[in-house]
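S.K.: Residues per chain, in single letters:
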Amino acid sequence: MNDEIRLMKGNEAVAHAAIRYGCDGYFGYPITPQSEVLESLEALMPWETTGMVVLQAESEVAAINMVYGAAASGKAAMTSSSSPGISLKQEGISYMAGAELPALILNVMRGGPGLGTIQPSQADYFQATKGGGHGDYHLIVLAPASVQEMVDFVALGFDLSFKYLTPAMILADGIVGQMMEKVVLPPQRPRRTDDQIREQCPWATTGRKGLRKRNVITSLELESSKMEIINHRLQARYREIEKNEVRWEEINTDDADYLFVAFGSIARICTKAMELAREEGIKVGIVRPITLWPFPDKAIEKAAEGKKGILCVELNAGQMIEDVRLAVHDRIPVCHYGRLGGIIPSPAEIVEELKKMIND
Amino acid sequence: MEIQDIIKEENKVYSTPELLDDVHMHYCPGCSHGVIHKLLAEVIHEMGLTERTVGISPVGCAVFAYNYVDVDWVEAAHGRAPAVATAISRLWPENVVFTYQGDGDMAAIGTAETIHAANRGENIVMIFVNNAIYGMTGGQMAPTTLLGQKTATSPYGRRADLNGYPLEITDIMATLRGTCYVTRQSVHTPAAVKKTKAAIKKAFENALAKKGTSVVEVISTCNSGWKMTPVQANEWMAENMFKEYPLGDLKNL
Chain A
319 MNDEIRLMKG NEAVAHAAIR YGCDGYFGYP ITPQSEVLES LEALMPWETT
369 GMVVLQAESE VAAINMVYGA AASGKAAMTS SSSPGISLKQ EGISYMAGAE
419 LPALILNVMR GGPGLGTIQP SQADYFQATK GGGHGDYHLI VLAPASVQEM
469 VDFVALGFDL SFKYLTPAMI LADGIVGQMM EKVVLPPQRP RRTDDQIREQ
519 CPWATTGRKG LRKRNVITSL ELESSKMEII NHRLQARYRE IEKNEVRWEE
569 INTDDADYLF VAFGSIARIC TKAMELAREE GIKVGIVRPI TLWPFPDKAI
619 EKAAEGKKGI LCVELNAGQM IEDVRLAVHD RIPVCHYGRL GGIIPSPAEI
669 VEELKKMIND
Chain B
1392 MEIQDIIKEE NKVYSTPELL DDVHMHYCPG CSHGVIHKLL AEVIHEMGLT
1442 ERTVGISPVG CAVFAYNYVD VDWVEAAHGR APAVATAISR LWPENVVFTY
1492 QGDGDMAAIG TAETIHAANR GENIVMIFVN NAIYGMTGGQ MAPTTLLGQK
1542 TATSPYGRRA DLNGYPLEIT DIMATLRGTC YVTRQSVHTP AAVKKTKAAI
1592 KKAFENALAK KGTSVVEVIS TCNSGWKMTP VQANEWMAEN MFKEYPLGDL
1642 KNL
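Note that the protein sequences, when read in sequence, are chains A and B. Quick note on my numbering: the first sequence kicks off at 319 and runs consecutively. Quick note on my numbering: the second sequence kicks off at 1392 and runs consecutively.
For the record, the hints were derived by calculation from the structure and aren't laboratory data. Each residue gets a CB set at the ideal place from its N, CA and C atoms; glycine is no exception. Take the hints with a grain of salt, since some may be wrong.
[Claimed, not checked] Under 10 angstroms between C-beta atoms, here's a sample of chain A residues computed to sit facing chain B:
#, residue
1, Val371
2, Leu373
3, Ala390
4, Ala395
5, Gly410
6, Ala417
7, Gly528
8, Arg530
[What the hints assert, rightly or not] Calculated pairs, EDC-like style, for lysine to aspartate or glutamate (alpha carbon to alpha carbon, straight line, at most 20 angstroms):
#, chain 1, residue 1, chain 2, residue 2
9, A, Lys527, B, Glu1437
10, A, Lys531, B, Asp1413
11, A, Lys620, A, Glu640
12, A, Lys527, B, Glu1433
13, A, Lys527, B, Glu1485
14, A, Lys531, B, Glu1437
[Claimed, not checked] Beta-carbon label-pair distances, calculated as ranges:
#, chain 1, residue 1, chain 2, residue 2, range
15, A, Gln374, B, Asp1413, 40 to 48 angstroms
16, B, Pro1484, A, Lys616, 41 to 49 angstroms
17, B, Gly1529, A, Thr350, 38 to 46 angstroms
18, A, His550, B, Ile1398, 49 to 57 angstroms
19, A, Leu540, B, Gln1531, 14 to 22 angstroms
20, B, Thr1407, A, His550, 31 to 39 angstroms
Bound conformation, chain A alone:
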């Protein structure tokens, strides 16, 4: 299979991308609006072609712990879910962060709190970027704005998580998961052989082949002085990730008087809003964080120099805005426009909010 141009849903595309990446195992549990990931994998039957294991678990808790087991044995494993299911997965995610294991988790966000709604939302920004489970940790968080990025971030997420031995999350929203778009699928990569895994992951619990020293995967250390050393090691790695892996996109920021800061599908709606505003003579540009953690704070600070104000547009009550305000040290006004409960703003509504901010 070579590069292929297809029309498909974001969720479906993730299934194809996982197989083509050479993913070893997917473990999931159905929840709207992302069930197409598991459905597509079951229909594609990758165990017949690449040998990838696909399993519908008894719960999100079981699914993430299957990912934990797979990751502990050096395999490239992933799961996907939506907001309430991601809450259930926090146990396993924290354990993987603590045990320094690579894995990929997809959250196709829906409105909350609680069972909430099945409509799109970005209300899990705090949960995804500030840890989510217990303990001092971060996930690498990628925010796709297109079906193409859903595909590309599967490979990127796996690569980063194996590079830094920490779980990565694709934080998508229901729009990106459900909408159909043209997408280029990458060529099929072979799955790593067991011997390659033994070589690449000498820490993994692959069995003591050759009577090597035993490997133990654990996040437990009862001696606090040693536990602190482990935590410092994790924090040093997070600093390294912050140094190397910040990703963002800027559109028309150079001549702009104002900025939209938005991620995921909302950044695309902001692109249209930007065009409408510019037709009316309001010079606005866009900064779209692609990595939500590490957050592009320096990029935003630089882009904000000489600007008159920033409008954060999010499908939540104001979450990323906290990081934006920290990035610009509140030197310029930073306002928020958010829709809640699954409502998606139109470009015209966003322009209206921008005008309100300017007139205030």
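With the hints as your guide, set chain B onto chain A.
M.R.: For chain B alone, kept in the frame of chain A given last:
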């Protein structure tokens, strides 16, 4: 007979297993875990599975099993060992994967993971250590605590109307079509130890033969949690535990 004749290899009936580390264990004197660890170490070594075995340790007293038995280990979150084992077993089918779970792990917080792994017939071995109490956290009530048994959270004795009944999860496991071997043993006498070793061996053979899930329950003592001497604990177990949890095979296909 000279001492040299007695210690000849063919006369040897007892030695330290190759795979059991020569370190101090954190278990209380009198605890059953040490014996069960030793049997596991013996079986894995004798079956030539040292290079192919992966153990999943639980949350509870046996959380540190990885410090004693010299195979690869993954420490699972409380109750999740069967889910962890499922993935490793499916992704490394040449390896043999076993879980080592206590009563809280298996019959309370991990009931769903335990039953569903067995119901899928995962080719894994589940070692279930049932001592009817939560040892690690200081002697609280377990799902398998007997009616009337006093614990830190049932200080006046377990009551059916307040706490429900002792959960016989092994009996439930035997009804599942994914299990091939379900047995209940103990390690309080040399004869019982030999039987438990044979059961563990059979369970590993089943995993190698891809026959499905094997469950070896070991009715065990927690003399510290029960607030007894080791000898009293053995007597109390034989008198009370075996009535609720009769020893023997529940399923052997």
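S.K.: Go through the numbered hints given earlier and state which of them the structure violates, listing their numbers in rising order.
M.R.: none
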